[in-house]
Structure formats: structure tokens, C-alpha cells
Amino acid sequence: MTLDLKTVKHISKLARISVDEEKANKLAGDLNSIFEFIEKLNELNTENVEPLTSVANTTLRFREDEVQSQNIREKILSNSPDNNEDFFVVPKVVE
Amino acid sequence: MSEITKQSLNELIDNIKNKKLSSLEITKAFVERSEKSKKLNAYVTDNFSQALDNAKKFDEKPNFELKLPGIPIAVKDLFCTEGTRTTAGSKILNNFIPTYESTVTKNMWNEGAILLGKLNCDEFAMGSSNETSFFGNVQNPISENLVPGGSSGGSSSALAANLTPVTIGTDTGGSIRQPASFTGTVGLKPTYGSCSRYGIVAFASSLDQAGPMSTNVKDAALLLEVISSFDKKDSTSIDFKRNKYSSELTNNIKGLKIGIPNEYRVEGMPSEIEDLWKKGIDYAKECGAEIIDISLPHTKYALPTYYIVAPAEASSNLARYDGVKYGFRSEGENLIDMYEKTRSEGFGEEVKRRILIGTYVLSSGYYDAYYLKAQKVRQLIKKDFDDAYKKVDAILTPSTPSSAFKIGEKTNDPVSMYLNDIFTVPVNLAGLPGISIPAGLDKKGFPLGLQIIGKPFDEQSILNIAYSMEEKISYKNNLTDWWI
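First to last, the protein sequences are chains A and B.
Quick note on this note's numbering: the first sequence kicks off at 1 and runs consecutively.
Quick note on this note's numbering: the second sequence kicks off at 1 and runs consecutively.
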């Protein structure tokens, strides 16, 4: 199969990455060569194979939902790209 | 006593304990050499003045019981370091200052080590040559304009150039072992679940592991002993009885069975790699190991499987970079526009390619054909190893299908870049431990490595085999310091 320009633009939209026409064309070329390589898997019959979700034979552990870090509000907010004191700021979303 | 920066980690520790050297003398030596070595571009962020202060503090109240007493160490810039910028080689994290420390680095500082700086790497650890870093290419100290491998390229370069006595990297598909192979150094990827992933910038969570990089096997054993721990903060961390890797290290490997997988003889592999492999087999025999031919029939499907699984996990993990809570933001007309511009300008080309592959293989209508298929093949690849380990204790292969290449040589062809990891990727897919040790030079005079793959949680056996073979091989980098 081949990825056409429309599909590349669609998945870019899903991934929230803007692409212009030129970039989309280049990406389509790159992605097609990668998918051609990936599609080698189709020659294998995997009908009765269980998918592997984890290499470790363990189940995920539960832990108590306890607060472990305290008073880090300022530190956390200091990494925020928009300068503000109390909140993360985003462009207006409600008209 | 030899020049400080040329000493191994174990030598430095002995000299500190015998009071022949102070932490400050050692730290100064590595800082000075690092400052003279800017041309390598191994560092993204240095911590030199803080490191010198910390060394002074250590010397005032030394604790020689610690495993890394007053030893300065630079680490890959994928480990979150509290209060010190952590970029993952990306523009999108250019100004990110973590409020917490990764568990593996915390383990190192708890044993007395001192942070020397943060080392360059491929953006989000996606690359095999360090050329995808936002902070530029890294030079391989072996020769000018040669890649140091990737993604832990700053780590391998700094280590080989003696800018840090040891270092740590991360390995998702070969990112410790391939750069170690390209720079004539030792790199070990532990069993999945051995080293905590807490505080490591995530790439592909079912594959990522941190591991030691060093100039010799004994140093790798010690550093692994420090960083490997059970950690409740990582839900995939495994609580198993860890060996005392350094004190249990032995060169006696008599009777160990080592498998040679026929499928690792790939088309187009240079004859010198084949020769090196044969030499490695002879060395292993001389060390007393029994050599057994084995088959890993699904080897050729490992890379295609990896290039579905890893991008799929990456596309989920990297969804968090949206320009809201931390990192780079590009202003947009509205929220969606802000997201799209931030991610378009904040990520580099390779990262965007992989996010798009991942988004596609997970998208409605394609999930079964790609992602589910890859998970099934991953099962077959793991089963190959399970079957092989009924007959052998470890597996010996080349680390890479070629030696280091020139900067720029493969940047226009993603697939040829991916082929670098052909021998290392299966190990990640099966969650096994693997170590690369330097084994010789090719015609061009560039280092080549051999990989020893172990059973799950059996790091000790591959360290012992590596230790024993290292003696026979007696490899040493011959540095000209061309960059100084």
C-alpha cells in the first residue's frame, strides 16, 4: 500500500502537528519507504499467536494513592511557557 | 600513577580510598579536559562549577564506604536531574528544569557520585548517530567527522575521550550498545525491569532501559550494581534478587554454553565483521565456553516489528508535549493552532516522522494490520530466545553490521539508518540483557564490537563472559586527541 498526501495530512492532524504542502510531500516519500520495509511482516502467518503486551511475567502493581511531593506548586509552574503566577495559561477556548 | 583522566573508575576509587587523590583533584581533571574538548560537542549542559563545589564538600567529610566516593560522572541528557536543565536533545524541552530526580541518577548520587554535566543525545533518543539532536552533531573521538553512534552519542563520545570516567545511557533498540561499539567502549543494556524508568524522558515504555557505559567490564559491573534497583515509582520495575555484580565478577566461564545464531549472518555484512565474530568465538572457546549453533528464525522480522512498536509507544508518550505545562510554545490563533504549531516547530524531523508512523499504526482501521500484528511477531521473536535458552546460557553476535560512519552519510535515508540496529533491536523486543564489548578494528581503523546476550536477569553471566573475553582481546583505544 502507499500513503497518499491526503492520508499524511490526516494523520498529521490526528497527531497535532501542522505540515505545509512541501513538508507533507517529503513526509509521504519517507513514510512510504518505511512502510514498505515494515510490510515484510505480512509474509508471516500469525493467526494463532497471542500478542505480546509485556516481556515481564508480572502484573502491574497497585500502590496507595498518597501524596508524596508537597509544596512544589511554584516549581511546577515555573516551567510553564506562559508567564503567570497561579495557573497554566492557554489561548482562549470559550467564546 | 597515570594521568587522572586516563584512569578507570575502579582505579580512581582505589586512589580516592587510599588518599592518593582527592575528589577535587579528580573532578578538576575531568572538568579541565571537558573544557578543552568543546569541539566534540558532547555536553548539552555542564555542571562544572557545582561539581567542583560538591567535590570540595566531599573532601571535607569523605565517606569511603560509598560505592562511588566523590567520583564525577556526566550522564545522558535523558535523565531528569532536579534543578538542572534536562532537554532530551529537543527544542521542545530546551528550557525544562525538572523538579525531581530520576531514580537511577539518584542511586548514583546516594553512592557518592557527583554530577559533571548532561550529555548530548539524539532527540528523544530517536536516532543511531546523534544527528537528530537539536544541539547539533557529536564528534567521535576516534576520528574527525565520524558519528559516535546513537542515541547515547554524547555519552559514548565523552566516555571514549576521557571526559567522564563512566557514564549512563538509555537503550530502546541499541542506543547504549551501538554507540559503545562505535567508540571502542563497553555498554550494557540490562533486563527490562532491572533499572527504574522513573524520571527518564520516555521514548517507548515497553523497550526503554537505562544502563552503564564504561571503558572496561569491571567498571560496568560496578555501575550496574549502583543503578539497578527495585523502584515502586516505576510500575514495571521488577523485584528480583540482584547480584553483587562487581564482587561476583569472575573470568571463570568454564562450561558455560554460548549460542551462535545462524540468522545473524546478514546479507551485505562486511567480511571483517564475520571475521571478528569468528575470532570472538575462538576467544570464548579459549576461555572454556562450549560453543553451540542455534537458530533465532524470526530475526529478520525484528526491525520491522520495532518500527511499529516503538513509534506507536512514542506517539502516545510524546502527546504530552503540547506547549501548556512546560517546554517550548509557539503562539497560535486558538488552542488547536497553538498545539499544532508548538509540535511542528518544537520537534525535529525524525521525531515527527516517528510520531506520524505511530499515529498511523494505532489509528482506527489500521490497528490490527500493524500494531496487533507487530505484537504477535514480537511474541515469536521472544519465543525464539526462550527456545534457544533451553540449550545455551548466552548468545554471542556482532554488535553492529558496520563500524562508525561519516557524519551526514545516512541522514537522507531513514531505512538505512534503522538497519544499524539490526543486531541490537531483538534484545529489546525480548526484554533481555545485552552487553557490547570492543573486539578489534576494521580496515579503516575504526572500532568494532561484539555483543553477548543473556537470559532474563542473568546480567552476571554476560558480565563474566565479557570480562573473560576482554582479557583475551585486550583492546585499547589509541586516541590522538585531534580535537584539542
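By construction, these hints were calculated from the structure, which means they are not laboratory data.
A quick note: this is a predicted structure, and the numbers were derived from the prediction, not measured.
Among the hints, erroneous ones may be present.
Distance windows between CB atoms, simulated [stated by the list, open to error]:
(1) N48/A <-> E274/B: 32 to 40 Å
(2) V415/B <-> S54/A: 25 to 33 Å
(3) E349/B <-> T53/A: 27 to 35 Å
Using N, Cα and C, we set each Cβ at its ideal position, and we do this for glycine too.
Consistency of the hints with the structure:
no. : hint                         : in the structure
1   : N48/A <-> E274/B: 32 to 40 Å : holds (36 Å)
2   : V415/B <-> S54/A: 25 to 33 Å : holds (28 Å)
3   : E349/B <-> T53/A: 27 to 35 Å : holds (30 Å)
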